[in-house]
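K.L.:
Here are the chains, one letter per residue:
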Amino acid sequence: MSVEGLSSVTPARGDLLSRIGAGHIVLAVALLLFPFLASGFFITQIGAYSLIFGMLGLSLMWLAGYGGMVSLAQITIAGVAGYSMAIFGENNAGVHGFGWPWWILVPVAVFIAALASALVGWISVRTSGIYTIMITLAVATAMHYFTQQNYTMFNGFPGFAGVRAPTVFGIYWRDPMPFYFLCLAVATLSYLAVLYASRSTFGLTLQATRDNPRRMRAIGYDVTAHKVFAWFLAGIIAGLAGVLQVWFNGRISPGTINVAAAINVLIITVIGGMRHPIGPFLGAVVVILMQTFAIDLVGAERFNTLIGLLFLVIVFVSPDGILGLWERAKPRIAPGSLRSGP
Amino acid sequence: MSDLRASGPGLPAAPGLTKRHVWGGIVVLLALVLAWLVFTPVWPDWLSDILISKKAFVSSILNGLTLAGLYFLVASGFTLVFGLMRNVNLAHGSLYLLGAYVGYEIANRTGFWLLGVAGAFVIVGLLGIVLQVVVFRRLEGDDLRQTLVTIGISIVAADLMLAVWAGGTYQIIVPDWLAGSLTLPVISAIKSSGDIVYIKYPLFRMVVLLLAVVIGVALWLMMNRTRVGMMIRAGVDDREMLSASGINVHAVFAIVFAVGAGLAGLAGVIGGSALSVSPGEDVRYLLASLVVVIVGGMGSISGAAIGALLIGLAEQMGLVYFPTYGIVVTFLIMVVTLAVRPQGIMGSTS
Numbered sequence: 105m106s107v108e109g110l111s112s113v114t115p116a117r118g119d120l121l122s123r124i125g126a127g128h129i130v131l132a133v134a135l136l137l138f139p140f141l142a143s144g145f146f147i148t149q150i151g152a153y154s155l156i157f158g159m160l161g162l163s164l165m166w167l168a169g170y171g172g173m174v175s176l177a178q179i180t181i182a183g184v185a186g187y188s189m190a191i192f193g194e195n196n197a198g199v200h201g202f203g204w205p206w207w208i209l210v211p212v213a214v215f216i217a218a219l220a221s222a223l224v225g226w227i228s229v230r231t232s233g234i235y236t237i238m239i240t241l242a243v244a245t246a247m248h249y250f251t252q253q254n255y256t257m258f259n260g261f262p263g264f265a266g267v268r269a270p271t272v273f274g275i276y277w278r279d280p281m282p283f284y285f286l287c288l289a290v291a292t293l294s295y296l297a298v299l300y301a302s303r304s305t306f307g308l309t310l311q312a313t314r315d316n317p318r319r320m321r322a323i324g325y326d327v328t329a330h331k332v333f334a335w336f337l338a339g340i341i342a343g344l345a346g347v348l349q350v351w352f353n354g355r356i357s358p359g360t361i362n363v364a365a366a367i368n369v370l371i372i373t374v375i376g377g378m379r380h381p382i383g384p385f386l387g388a389v390v391v392i393l394m395q396t397f398a399i400d401l402v403g404a405e406r407f408n409t410l411i412g413l414l415f416l417v418i419v420f421v422s423p424d425g426i427l428g429l430w431e432r433a434k435p436r437i438a439p440g441s442l443r444s445g446p
Numbered sequence: 311m312s313d314l315r316a317s318g319p320g321l322p323a324a325p326g327l328t329k330r331h332v333w334g335g336i337v338v339l340l341a342l343v344l345a346w347l348v349f350t351p352v353w354p355d356w357l358s359d360i361l362i363s364k365k366a367f368v369s370s371i372l373n374g375l376t377l378a379g380l381y382f383l384v385a386s387g388f389t390l391v392f393g394l395m396r397n398v399n400l401a402h403g404s405l406y407l408l409g410a411y412v413g414y415e416i417a418n419r420t421g422f423w424l425l426g427v428a429g430a431f432v433i434v435g436l437l438g439i440v441l442q443v444v445v446f447r448r449l450e451g452d453d454l455r456q457t458l459v460t461i462g463i464s465i466v467a468a469d470l471m472l473a474v475w476a477g478g479t480y481q482i483i484v485p486d487w488l489a490g491s492l493t494l495p496v497i498s499a500i501k502s503s504g505d506i507v508y509i510k511y512p513l514f515r516m517v518v519l520l521l522a523v524v525i526g527v528a529l530w531l532m533m534n535r536t537r538v539g540m541m542i543r544a545g546v547d548d549r550e551m552l553s554a555s556g557i558n559v560h561a562v563f564a565i566v567f568a569v570g571a572g573l574a575g576l577a578g579v580i581g582g583s584a585l586s587v588s589p590g591e592d593v594r595y596l597l598a599s600l601v602v603v604i605v606g607g608m609g610s611i612s613g614a615a616i617g618a619l620l621i622g623l624a625e626q627m628g629l630v631y632f633p634t635y636g637i638v639v640t641f642l643i644m645v646v647t648l649a650v651r652p653q654g655i656m657g658s659t660s
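Chain order of the listed sequences is A and B. In terms of the numbering used here, the first sequence opens at residue 105 and continues consecutively. In terms of the numbering used here, the second sequence opens at residue 311 and continues consecutively.
Think of the hints as simulated: they come from the structure by calculation, not from any bench. All values reported here derive from a predicted model rather than from experimental measurement. Here a beta-carbon is modelled for each residue, glycine too, at the ideal position from N, C-alpha and C. A portion of the hints provided could be inaccurate.
[To be verified] Which residues of chain B face chain A? A few of them, derived with a C-beta cut under 7 Å, are:
1. E450
2. D453
3. G462
4. I465
5. V466
6. V593
7. L597
8. L600
9. V601
10. T634
11. F641
[Stated by the list, open to error] Which stretches of chain A does chain B cover? Using the computed rule of at least three CB atoms under 8 Å from a CB of chain B, they are:
12. 234 to 240
13. 245 to 253
14. 407 to 413
15. 418 to 429
[To be verified] Here are some, though not all, of the chain B residues that point toward chain A, as calculated from beta-carbon distances under 8 Å:
16. R396
17. V398
18. L454
19. R455
20. V459
21. I461
22. L470
23. I604
24. Y635
25. I637
26. V638
27. T640
28. M644
29. A649
30. P652
Let the sequences and hints guide you as you build the complete structure.
P.N.:
Following this line, the structure appears as structure tokens:
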């Protein structure tokens, strides 16, 4: 490193605050303080649950936003991780349950999920655009019915119960506070990873294949390989979410990966917005708050109608979800913020 | 099916074996084997060992064909709408379920089953027009948003139908002249006394199959012999050019959507009579339509017929011969098709 090289770093460091962005810092502080101000119910049922679904949405956003592949199979991939946890780890269904320790179990489960994701990707990238939705929906539905029918591998309708989070360093990681911070840590890592990957060479190449696959192929890029690898990466995030989800629920069954759940992930992502990785997390908070409290709003059980209508309104009014609404509202709220200099 | 296949992009008549000759030969061979299996009076023991029993085999084939008929009715509407509008209507399953409920209500109150079938076709078809005019016309050219909207509609529709018809299972009662069973000229066994036992099969299921064939032929005639069909085919190939040549594309879209939705509604009544109606059926038939159309080729009626046959037979044979792995067979057919021919068996490469 020459002196010049070192000195050029200094202004960048001074810029660190603005590079991270004030928004991120406020968000980080809020997320870290949140569990100390909220009840146990809010910490897990809203906080941790939103983070898990936000990660599922994030994996979809990565595929759809940067790769142009709208997948409905993200919950299925999470389910693959969840089922792997139950099959290779411990469960009280009396089927399988090899009892592997968590530090082998988790990487294996995530890896299997990522492989499954790559497989789904390989199947679906043979066609493109709107077909991806159809094929991934078919995959998700087929997987749901398969787990429901098959007892030798997936224990059929009841699935597996008694999947427990491990106790490490004397902390039981399913207690509200540790579980929230675990989810927050994994979600933050995934978020930063997507943010980094989107600006990496691979991310830029992926975005280019989204915009013009034919030209990329002509330049000499292997479009299929890039897309399948993007699916693999999405599978890692979805798999991590699946591990957290199975710890959260303590169980996994076909009901966890049904079509309603698959569509739920899509709704979360679309409502949040697919332009930026923060979108799915926003969407997750909104949708989960609604799902939790809509019963008080519309009485009875018609909250699916409410969610569906909100989804329809968002798709009609703002294709970019809440993020799109925010982008539109920002210049009106603070006209000066767009032009900081004279 | 041969006439439909001949209407595809044909190969020039070349001397010697062409690809089509080979495929035709395989199909004829399979048909001969099947005919021999069905019409041999008594199976040799080794065959019964492999295929359980002749009765099980024949009824699984018949069930498969019936299911294929039902799948074709649902999927033909789906593929019609997709072919013209590039719109993956993920609310198609909801239209099926709504048709089933509407048919149930009408048939139950008036006592006329046929009225239920016609009513479901008309009402769901009209709803299709409303959807096309109110929703899809506004989002024209934006495939993804159209598809997302259909997801939203299917969620709301499923929830509202649950509110009206609750979670119970309904059975649409078939009129007497369609009930009962039919004795087929297929021998299932010869008793030691020399009496011949013939296979019996529910008459209504045969009617389902017949209806699917009739509607398939009618659709084919509509697509290939009428002016509207000509417009639809032109629209599939080049939407802009069709509208530039002075044809009201929106009217064509509305007609197609009405027919597609109406067929889903009609299939709902048929399916609700042959099987049953309950919440969750919408997803089942949506999946069936998706797989049938992916396998058969999007936008192709004959593709939907071939896909429905493959999937229907695979599902029922799977149920008998590989229970609990049945869905995997269906799924494998889809994956293999995508691997070998991504556009589907009858799909066009565009």
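K.L.:
Are the hints correct? Go through all of them and say.
P.N.:
Okay, the hints, checked on the actual structure:
A hinted interface residue such as E450 of chain B counts as satisfied when its beta carbon comes closer than 7 Å to some beta carbon of chain A; here the least separation is about 13 Å, so the hint is violated. For D453 of chain B, the shortest C-beta to C-beta distance to chain A is roughly 5 Å, which falls under 7 Å, so the interface hint holds. A least Cβ separation of about 4 Å between G462 of chain B and chain A falls short of the 7 Å threshold, and the interface hint therefore holds. Nearest Cβ of chain A to the Cβ of I465 of chain B: about 4 Å, under the 7 Å cut. The hint holds.
Using the Cβ-Cβ criterion of 7 Å, the hint placing V466 of chain B at the interface with chain A is satisfied: the shortest such distance is roughly 4 Å. Interface hint status for V593 of chain B: upheld, as the beta-carbon distance to the closest one in chain A is roughly 5 Å, under 7 Å. Proximity of L597 of chain B to chain A holds as hinted, the smallest CB-CB distance being about 4 Å (cut-off 7 Å). The beta carbon of L600 of chain B is positioned within 7 Å of a beta carbon in chain A (closest approach about 5 Å), and the interface hint is therefore held.
At about 5 Å, the closest approach between the beta carbon of V601 of chain B and any beta carbon in chain A falls short of 7 Å, and the interface hint on this residue holds. Interface hint at T634 of chain B: satisfied, since its Cβ lies 5 Å from the closest Cβ of chain A, which is below the 7 Å cut-off. Because the closest C-beta pair between F641 of chain B and chain A is about 5 Å apart, less than 7 Å, the hint holds. Residues of the segment 234 to 240 of chain A lying with their CB closer than 8 Å to a CB of chain B number 5, which satisfies the three-residue condition for coverage.
Requiring three or more residues with a Cβ within less than 8 Å of a Cβ of chain B, the coverage given for the segment 245 to 253 of chain A holds, as 5 such residues are present. Against chain B, the segment 407 to 413 of chain A contributes 5 residues with a C-beta closer than 8 Å to a partner C-beta. That satisfies the three-residue criterion, and the hint holds. Requiring three or more residues with a Cβ within less than 8 Å of a Cβ of chain B, the coverage given for the segment 418 to 429 of chain A holds, as 3 such residues are present. Below 8 Å, beta-carbon pairs count as interface contacts, and R396 of chain B has one with chain A at about 7 Å; its hint therefore holds.
For V398 of chain B, the shortest C-beta to C-beta distance to chain A is roughly 5 Å, which falls under 8 Å, so the interface hint holds. Interface hint at L454 of chain B: satisfied, since its Cβ lies 7 Å from the closest Cβ of chain A, which is below the 8 Å cut-off. For R455 of chain B, the interface hint holds, the least distance from its beta-carbon to any beta-carbon of chain A being 6 Å, beneath 8 Å. The interface hint given for V459 of chain B holds, since its Cβ lies 5 Å from the closest Cβ of chain A, which is under the 8 Å cut-off.
Hint on I461 of chain B holds. Least Cβ distance to chain A is approximately 6 Å, under the 8 Å limit. A distance limit of 8 Å between C-beta atoms decides the matter here; for L470 of chain B the minimum to chain A is near 6 Å, and the interface restraint holds. Look at I604 of chain B: its Cβ gets to within about 6 Å of chain A, closer than 8 Å, so that hint holds up. The interface hint given for Y635 of chain B is met, as the beta carbon of that residue sits about 7 Å from the closest beta carbon of chain A, less than 8 Å.
The closest approach between the C-beta of I637 of chain B and any C-beta of chain A is roughly 5 Å, which is under the 8 Å cut-off, so the hint is satisfied. At its closest, the beta carbon of V638 of chain B sits 6 Å from a beta carbon of chain A; the interface hint therefore holds under the 8 Å criterion. Taking 8 Å as the C-beta contact cut-off toward chain A, the hint placing T640 of chain B at the interface holds, the least distance being around 7 Å. Annotation: M644 of chain B was flagged as interfacial toward chain A, and the flag holds, the nearest CB pair being 6 Å apart, inside 8 Å.
Taking 8 Å as the C-beta contact cut-off toward chain A, the hint placing A649 of chain B at the interface holds, the least distance being around 7 Å. With 8 Å as the threshold, the beta carbon of P652 of chain B comes within range of chain A, its nearest partner Cβ sitting at about 4 Å, so the hint holds.
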